[in-house]
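Chemist: The primary structure of each chain is shown beneath.
Number of protein chains: 4
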Amino acid sequence: MSNLVRMSVSLDRDLADRFDREIERTGCPTRSKAVADLIRQSLVRQEWADGDEVSGAVIMVYDHHTRGLGGRLTRIQHDAVHLILATQHFHLDHDNCLEILAVKGPPRDIARLHEKLAAVKGLKHCSLAAATTGRELP
Amino acid sequence: MSNLVRMSVSLDRDLADRFDREIERTGCPTRSKAVADLIRQSLVRQEWADGDEVSGAVIMVYDHHTRGLGGRLTRIQHDAVHLILATQHFHLDHDNCLEILAVKGPPRDIARLHEKLAAVKGLKHCSLAAATTGRELP
Amino acid sequence: MSNLVRMSVSLDRDLADRFDREIERTGCPTRSKAVADLIRQSLVRQEWADGDEVSGAVIMVYDHHTRGLGGRLTRIQHDAVHLILATQHFHLDHDNCLEILAVKGPPRDIARLHEKLAAVKGLKHCSLAAATTGRELP
Amino acid sequence: MSNLVRMSVSLDRDLADRFDREIERTGCPTRSKAVADLIRQSLVRQEWADGDEVSGAVIMVYDHHTRGLGGRLTRIQHDAVHLILATQHFHLDHDNCLEILAVKGPPRDIARLHEKLAAVKGLKHCSLAAATTGRELP
Numbered sequence: 357m358s359n360l361v362r363m364s365v366s367l368d369r370d371l372a373d374r375f376d377r378e379i380e381r382t383g384c385p386t387r388s389k390a391v392a393d394l395i396r397q398s399l400v401r402q403e404w405a406d407g408d409e410v411s412g413a414v415i416m417v418y419d420h421h422t423r424g425l426g427g428r429l430t431r432i433q434h435d436a437v438h439l440i441l442a443t444q445h446f447h448l449d450h451d452n453c454l455e456i457l458a459v460k461g462p463p464r465d466i467a468r469l470h471e472k473l474a475a476v477k478g479l480k481h482c483s484l485a486a487a488t489t490g491r492e493l494p
Numbered sequence: 357m358s359n360l361v362r363m364s365v366s367l368d369r370d371l372a373d374r375f376d377r378e379i380e381r382t383g384c385p386t387r388s389k390a391v392a393d394l395i396r397q398s399l400v401r402q403e404w405a406d407g408d409e410v411s412g413a414v415i416m417v418y419d420h421h422t423r424g425l426g427g428r429l430t431r432i433q434h435d436a437v438h439l440i441l442a443t444q445h446f447h448l449d450h451d452n453c454l455e456i457l458a459v460k461g462p463p464r465d466i467a468r469l470h471e472k473l474a475a476v477k478g479l480k481h482c483s484l485a486a487a488t489t490g491r492e493l494p
Numbered sequence: 357m358s359n360l361v362r363m364s365v366s367l368d369r370d371l372a373d374r375f376d377r378e379i380e381r382t383g384c385p386t387r388s389k390a391v392a393d394l395i396r397q398s399l400v401r402q403e404w405a406d407g408d409e410v411s412g413a414v415i416m417v418y419d420h421h422t423r424g425l426g427g428r429l430t431r432i433q434h435d436a437v438h439l440i441l442a443t444q445h446f447h448l449d450h451d452n453c454l455e456i457l458a459v460k461g462p463p464r465d466i467a468r469l470h471e472k473l474a475a476v477k478g479l480k481h482c483s484l485a486a487a488t489t490g491r492e493l494p
Numbered sequence: 357m358s359n360l361v362r363m364s365v366s367l368d369r370d371l372a373d374r375f376d377r378e379i380e381r382t383g384c385p386t387r388s389k390a391v392a393d394l395i396r397q398s399l400v401r402q403e404w405a406d407g408d409e410v411s412g413a414v415i416m417v418y419d420h421h422t423r424g425l426g427g428r429l430t431r432i433q434h435d436a437v438h439l440i441l442a443t444q445h446f447h448l449d450h451d452n453c454l455e456i457l458a459v460k461g462p463p464r465d466i467a468r469l470h471e472k473l474a475a476v477k478g479l480k481h482c483s484l485a486a487a488t489t490g491r492e493l494p
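Going line by line, the protein sequences match chains S, A, L and R.
For the first sequence, the working numbering gives the first residue as 357, with consecutive numbering after it.
For the second sequence, the working numbering gives the first residue as 357, with consecutive numbering after it.
For the third sequence, the working numbering gives the first residue as 357, with consecutive numbering after it.
For the fourth sequence, the working numbering gives the first residue as 357, with consecutive numbering after it.
In case anyone wonders, no lab produced these hints; they're calculated from the structure.
For glycine and all other residues, C-beta sits at the position ideal for the given N, C-alpha and C.
It is possible that part of the hints are untrue.
Claimed, not checked - A short, non-exhaustive set of chain S residues, derived as facing chain A with CB atoms under 7 angstroms: (1) Thr382; (2) Arg387; (3) Gly427; (4) Ile432; (5) Ala436; (6) His438; (7) His450; (8) Leu454; (9) Ala458; (10) Pro462; (11) Arg464; (12) Ala475; (13) Lys477; (14) His481; (15) Thr488; (16) Leu493.
Please work from the sequences and hints to get the whole structure.
Modeler: The structure is reproduced here in structure tokens:
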């Protein structure tokens, strides 16, 4: 399926050696993967800066006893159904919930959704994790 | 349910004013929440540096056509069942999958799990998003 | 000289206790300073996102034996004299130089200057550290 | 002077194309440099996690009218002369100073120095920027 090209680069020998040791330490199977991973990470950062569509996750932690909190989170999510693929909910302990929204859409819209959720009273944590749709990231 | 105390701090008047404008811009409902959110963010960073248990998410994007990839990811996840609460899987398009693992456990173990998954050939993206169990984060 | 106001916030008692322990661990002298520091950090991030003027540093490491490198760095810096307050240069060892540019100006212009310097062949490291002019940050 | 090796990697053609466009956008002169820069950035992060010696900068902004502030900063710096290469000081405006400490030493010691400085009352900003000595980073 894939469509590979050889890319040949000149590297200082000592830099190549240190890179090889780092590859071994992390368990990365090949140099090609290690280089491609670094390239992809830089491209994902760029997609969030000026791309049309990204994916990611909004991660929230809250005490479900907080009055009205669940309802507010649900209403905001329903206004953003076009951005949210699904919501996963975990009962971490008697009090605390972990809720993970899988999201896809324009980076600015997702950032705005995150900001709206983060403004809800009673949340202990609300962060946005940046990923990619993979569509333009081979 | 909650157990509130008043905390009174001295702030430069102009700093307080700028903070209030920023609170309004982001839609945060009260100063108390805005201050508590900043405190919690700093404590979550600290939990990942020296805490016993955290929660979070591992976010992966890959082309499901890649031979053997699904199996490798599944095997690594089965060796870490004590860290993984659940896995959520999305078909982003004909080729690309978004997979989000909700995780909970010691920060070093979660970091190691992320490193193992990230080393799998064929992944386009594999990042770790840090959150909290909320248990010691009121 | 300063112009203080009292800001009183309601915090969960356990959150306030954890914050106090963190304040003690880091050696921060008062709660007021700890809160103000968190607020200022969030405002500095915002200044870089949408402010008019910021300060900061561009940090470069390079081997001074690299042919033409010093000249190229100097030419780029001379085209940006309005952004660069001064350049500090250190001979780290026989080969390596550390060069720190103190910068002040519009955040986009500083980011562009950093990008131009980072593109110079022979640099081992070129990063941009974000700070503030302090003018609107009491 | 340098001691180059060819490193040849297999990349998906579309990934290589996107990387080339990104290289052109940023003005990076060659693929070899772009790849080496990504590798070096990952190695600098690793040096700060488990290395013996790094370099960097501590960046502070403060109002020089704040009573006793200059003296406290100076005393802390004198206790850390083995870590501080030099201090550069700028009068940003009538009130605000930008002070940049060039630092070199074990990453934990530099982090501790930064923490001590950050705890000083009256600072508006105190951040630590991570770089490298370049000695083991060709």
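Chemist: Determine for every hint whether it applies to the structure shown.
Modeler: Each hint, compared with the structure:
Given the 7 angstroms rule on beta carbons, the hint for Thr382 of chain S holds: about 6 angstroms separates it from the nearest Cβ of chain A. Contact between Arg387 of chain S and chain A, as hinted, is not supported at the beta carbon level, the nearest pair being about 12 angstroms apart and thus beyond 7 angstroms. Hint on Gly427 of chain S is violated. Least Cβ distance to chain A is approximately 15 angstroms, over the 7 angstroms limit. About 11 angstroms separates the beta-carbon of Ile432 of chain S from the nearest beta-carbon of chain A, more than 7 angstroms, and the hint is not met.
Hint status for Ala436 of chain S: violated, given a least beta-carbon distance of 14 angstroms to chain A, over 7 angstroms. With a least beta-carbon distance of about 15 angstroms to chain A, the hint placing His438 of chain S at the interface is violated under the 7 angstroms criterion. A hinted interface residue such as His450 of chain S counts as satisfied when its beta carbon comes closer than 7 angstroms to some beta carbon of chain A; here the least separation is about 10 angstroms, so the hint is violated. At about 5 angstroms, the closest approach between the beta carbon of Leu454 of chain S and any beta carbon in chain A falls short of 7 angstroms, and the interface hint on this residue holds.
Because the smallest distance between the Cβ of Ala458 of chain S and any Cβ of chain A comes to about 6 angstroms, under 7 angstroms, the interface hint for this residue holds. This hint is violated: Pro462 of chain S has a C-beta 15 angstroms from the nearest C-beta of chain A, more than the 7 angstroms allowed. A cut of 7 angstroms between beta carbons decides the hint on Arg464 of chain S: the least distance to chain A is about 15 angstroms, and the hint is violated. Hint status for Ala475 of chain S: holds, given a least beta-carbon distance of 4 angstroms to chain A, under 7 angstroms.
Interface restraint check: Lys477 of chain S against chain A, minimum CB-CB distance 6 angstroms, threshold 7 angstroms, status holds. The interface hint given for His481 of chain S is met, as the beta carbon of that residue sits about 5 angstroms from the closest beta carbon of chain A, less than 7 angstroms. For Thr488 of chain S, the shortest C-beta to C-beta distance to chain A is roughly 5 angstroms, which falls under 7 angstroms, so the interface hint holds. Checking Leu493 of chain S against chain A by beta carbon gives a least distance of about 5 angstroms; that is within 7 angstroms, so the hint holds.
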